[in-house]
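Colleague: Build the complex: two chains, separate frames, hints provided.
Order-wise, the sequence lines are chains H and A. Going left to right, the first sequence walks through residues 1 to 111 as the numbering used here numbers them. Going left to right, the second sequence walks through residues 112 to 223 as the numbering used here numbers them.
Please keep in mind that the hints were generated in silico from the structure rather than gathered at the bench. Heads up, the beta-carbon is just placed ideally off N, CA and C, and yes, glycines get one too. Some hints here could point you the wrong way.
[Unchecked claim] Cβ-to-Cβ under 8 Å is the rule here; a few derived chain H residues that face chain A: (1) 4; (2) 20; (3) 44; (4) 76; (5) 101.
[What the hints assert, rightly or not] Sample of chain H residues facing chain A (criterion: CB under 7 Å; computed from the structure): (6) 32; (7) 43; (8) 46; (9) 91; (10) 102; (11) 103.
Residue strings, one per chain:
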Amino acid sequence: RKEVEQDPGPFNVPEGATVAFNCTYSNSASQSFFWYRQDCRKEPKLLMSVYSSGNEDGRFTAQLNRASQYISLLIRDSKLSDSATYLCVVNGDDSWGKLQFGAGTQVVVTP
Amino acid sequence: NAGVTQTPKFRILKIGQSMTLQCAQDMNHNYMYWYRQDPGMGLKLIYYSVGAGITDKGEVPNGYNVSRSTTEDFPLRLELAAPSQTSVYFCATGTRNYNEQFFGPGTRLTVL
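Just chain A, same shape as in the assembly (with noise of 0.2 Å):
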């Protein structure tokens, strides 16, 4: 098992380009979550999913999109990259039974 998978490892973007990062379980869990963690900072809940097909805002939700079309799958769409969305993204998993996530190995973002 995989568990929790993040493309891609690392990317660097232009102000104002687009990108999706992908995230990729095979926990069958119906919960996931994004979070971006900037340095001395801790992690920031930026969307979440209960189930496939519901999604809803964190705390910091601005400047991002999700859509959950599967259990498996919980990609998080970045529309015009601005600096200020220059951290390390990672995507969790979990389930209602207990509160332990389950973390992706993340992916680091550059927004030059």
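Chain H on its own, in the form it takes in the complex (with noise of 0.2 Å):
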């Protein structure tokens, strides 16, 4: 079984509309959970942390659920530029820094 899963899409989504995704973690004892977002045949950047309250950056909201490990990210009002790969990530190993990435969502934001 993988560390972390996620459904690799593609999600297709007109402009303007809301579109969500999850991915699920294996190690109960993770701390530390993030979406990282890659474009085409770029580097990955944090798009956003997540926090046990669940949390909010501008359109984009970020859910954790311990009991049933898994997290998701809610992207509203959809932009073109949005199109993009999200990668789910987990700091599950005991030493610090040590993160399990995900394969990734595509989202393509069509017209």
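Modeller: Set out below in structure tokens:
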């Protein structure tokens, strides 16, 4: 079983619509959770951290469900520039800084 | 500030050749990492370093070596390249205070 699992998509979303997707993680001891964004043929960049109480950053909302071991990301009012692959990232190892990356969920926003 | 830089951007190697992927950072971060990313797969940690002179194996270290003589540089050495090492290689840095990692632009390596 993969440490971090994501639906690869693609999620085809009309501009202005809302899209949401989840990722599941296997290590119940995981403490830190993130969403990274990766544009085609580019490096990953941090989109947002995910906190236990849930958090928003503009049009992006992240939620954490520890009981079911999943993280979600919701994008409201989708823009063409939101087209990217979204990586679910979990720090579950004893050693600080060793992150586990999901394979990513591709989002394609269409005009 | 350049952040994290990697060279070369692209490289084609023949089976059995060796090469060094360069990574440099000017962020004064202690932690540095090497990942590989294969199509449809998550990033896999190859090696990491928590400071100059200290390195440790990640999830997929076989076929690679690293060194960390300075805070700024963290080269990755491939010995006897194999087709299975065809991948995109990312170097990243981080600090102890928070878990965000900053990535370089990557090196696309093909072994034929």
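Colleague: Now, for every hint given, state plainly whether the structure supports it.
Modeller: Each hint, compared with the structure:
1. 4: With a minimum Cβ separation of about 6 Å from chain A (threshold 8 Å), the hint on residue 4(H) holds.
2. 20: violated, 20 Å
3. 44: Holds: closest Cβ of chain A sits about 5 Å from residue 44(H), inside 8 Å.
4. 76: violated, 24 Å
5. 101: holds, 4 Å
6. 32: holds, 5 Å
7. 43: OK, holds: residue 43(H) within 7 Å of chain A, min 4 Å.
8. 46: With a closest approach of 5 Å, the residue 46(H) hint holds.
9. 91: holds, 5 Å
10. 102: Result: holds, 5 Å to nearest chain A Cβ.
11. 103: holds, 5 Å
In this structure, the earlier hints numbered 2 and 4 are contradicted, and the remaining ones agree with it.
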